[in-house]
Amino acid sequence: EAEVAQSPRYKITEKSQAVAFWCDPISGHATLYWYRQILGQGPELLVQFQDESVVDDSQLPKDRFSAERLKGVDSTLKIQPAELGDSAMYLCASSLDPTVGYGYTFGSGTRLTVV
Amino acid sequence: RKEVEQDPGPFNVPEGATVAFNCTYSNSASQSFFWYRQDCRKEPKLLMSVYSSGNEDGRFTAQLNRASQYISLLIRDSKLSDSATYLCVVKGAGNMLTFGGGTRLMVKP
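Heads up: the sequence lines are chains A and B, in that order. My numbering puts the first residue of the first sequence at 813, with every later residue one more than the last. My numbering puts the first residue of the second sequence at 111, with every later residue one more than the last.
Please keep in mind that the hints were generated in silico from the structure rather than gathered at the bench. Where hints are given, some of them may not hold.
Under the rule of at most 30 Å between Cα atoms (straight-line distance), these lysine-lysine pairs were calculated in the BS3-like manner [stated by the list, open to error]:
| # | chain 1 | residue 1 | chain 2 | residue 2 |
| --- | --- | --- | --- | --- |
| 1 | A | 883 | B | 201 |
| 2 | A | 823 | B | 152 |
| 3 | A | 823 | A | 883 |
| 4 | B | 112 | B | 155 |
| 5 | A | 874 | A | 823 |
| 6 | B | 201 | A | 874 |
| 7 | A | 827 | B | 152 |
| 8 | A | 823 | A | 890 |
| 9 | A | 823 | B | 155 |
| 10 | A | 883 | B | 155 |
| 11 | B | 189 | A | 874 |
| 12 | A | 890 | B | 152 |
| 13 | A | 890 | B | 189 |
| 14 | B | 201 | B | 112 |
| 15 | B | 112 | A | 890 |
| 16 | B | 189 | B | 155 |
| 17 | B | 152 | A | 874 |
| 18 | A | 883 | B | 152 |
| 19 | B | 112 | A | 874 |
| 20 | B | 201 | B | 152 |
| 21 | B | 155 | A | 890 |
| 22 | B | 201 | B | 155 |
Source: prediction; values computed, not measured.
With the hints as constraints, model all of the structure from the sequences given.
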C-alpha cells in the first residue's frame with residue numbers, strides 16, 4: 813500500500829531555533845496538505861497545495877511558518893523561530909482527487925517538542 | 111464556535127456494549143462527511159464516509175442529518191480493539207477537511 817512519507821519522526825528543538833519537516837506524498841497525488849495537531853485536539857489545516865501552488869494558507873502563522881512545494885512533489889514546512897506553543901504533531905496528507913471524499917492519505921507525522 | 115464539535119469523552123464502556131458518538135457542524139454548505147479513527151500517537155485513518163441515507167460497515171453505523179447539521183456514529187458489540195479517538199470530519203469548499211476535536215473511546219474487559 814502506497815504511503816505518505818514524513819521525516820523526521822520525532823524532533824526536539826530549543827525555543828528560538830529553526831526547524832524543518834519534510835513530506836513526500838504518494839506518487840501522482842497533486843494535492844498536499846499540512847496539518848498541526850496539538851495533543852488532545854483534532855488536526856487543524858495549516859496549508860494546502862495543488863501541485864506547486866498554494867491553494868489556502870490562511871491558517872498558517874506566516875510570521876514564523878513557511879511552506880513550499882517547489883516542484884509539485886515533496887514539500888517542506890519550516891518554523892523559525894520555534895516557540896513553546898509549537899509543540900505538536902505535524903501531519904502531512906495527500907490526495908489524488910480531493911473531490912472524492914475518501915481519497916486522503918495521512919503520513920505518520922512528525923512529533924515536535926520545543927523546550 | 112468551532113466548525114465541527116464533538117464531546118471529547120472519554121467514553122468508558124465494557125466489551126460488548128453499544129456506544130454512540132455525536133457531532134455537529136456549523137457550515138450548512140459542507141459537502142461530505144466522514145469518521146476517522148486515530149490511535150494514540152498515530153495518524154488519522156478513514157473509518158467510513160457518512161451518507162444522508164445512513165450507512166453501515168459491519169458493527170459500525172453512521173448517520174447524517176443535514177437539516178440539524180448533525181452526524182452520528184454507532185458502534186455495536188464493542189471490542190477492546192475499538193479503543194481509540196474518533197474524529198468527525200467535514201469537507202467543505204476547496205476540498206479541505208475540517209476535523210472535530212475527537213471523542214475518546216475506551217473499551218474495558
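Hint check:
Using a Cα cut-off of 30 Å, the hinted pair residue 883/A and residue 201/B holds, with the two alpha carbons roughly 27 Å apart. Restraint check for residue 823/A and residue 152/B: satisfied, since their Cα atoms lie roughly 16 Å apart, inside the 30 Å limit. At roughly 25 Å between alpha-carbon atoms, residue 823/A and residue 883/A fall within 30 Å of each other, so this suggested pair holds. As the CA atoms of residue 112/B and residue 155/B are separated by approximately 22 Å, the hinted pair is consistent with the 30 Å bound.
Of the supplied pair hints, the one linking residue 874/A and residue 823/A holds, its CA atoms being roughly 21 Å apart against a limit of 30 Å. Between residue 201/B and residue 874/A, the direct Cα distance comes to roughly 24 Å. Compliance with the 30 Å bound is thereby established for this hinted pair. The hinted pair formed by residue 827/A and residue 152/B meets the criterion: a straight-line CA distance of about 25 Å does not exceed 30 Å. Distance restraint check for residue 823/A and residue 890/A: the Cα-Cα separation of roughly 13 Å lies within the 30 Å cut-off, and the hinted pair is therefore satisfied.
At most 30 Å may separate the alpha-carbon atoms for a hinted pair to count; residue 823/A and residue 155/B meet this at roughly 23 Å. Simply put, residue 883/A and residue 155/B have alpha-carbon atoms about 27 Å apart, close enough for the 30 Å limit, and the pair holds. With a C-alpha separation of about 44 Å, the suggested pair residue 189/B and residue 874/A falls outside the 30 Å cut-off, and the hint is violated. At most 30 Å may separate the alpha-carbon atoms for a hinted pair to count; residue 890/A and residue 152/B meet this at roughly 22 Å.
Distance check on the hinted pair: residue 890/A and residue 189/B sit about 40 Å apart at the alpha-carbon level, beyond 30 Å; violated. For the hint pairing residue 201/B with residue 112/B, the CA-to-CA distance comes to about 14 Å; that is within 30 Å, so the pair holds. Pair hint residue 112/B plus residue 890/A holds up; C-alpha atoms about 27 Å apart against a cutoff of 30 Å. Between residue 189/B and residue 155/B, the direct Cα distance comes to roughly 18 Å. Compliance with the 30 Å bound is thereby established for this hinted pair.
Pair hint residue 152/B plus residue 874/A holds up; C-alpha atoms about 27 Å apart against a cutoff of 30 Å. A threshold of 30 Å between alpha carbons decides the hint, and for residue 883/A with residue 152/B the separation of about 28 Å falls inside it, so the pair holds. For the proposed pair residue 112/B and residue 874/A, the alpha carbon gap of about 22 Å is at most 30 Å, so the pair holds. A threshold of 30 Å between alpha carbons decides the hint, and for residue 201/B with residue 152/B the separation of about 22 Å falls inside it, so the pair holds.
For the proposed pair residue 155/B and residue 890/A, the alpha carbon gap of about 25 Å is at most 30 Å, so the pair holds. Among the hinted pairs, residue 201/B with residue 155/B is consistent with the structure: their alpha-carbon atoms are about 15 Å apart, no more than 30 Å.
When each numbered hint is compared with the structure, violations occur for hints 11, 13.
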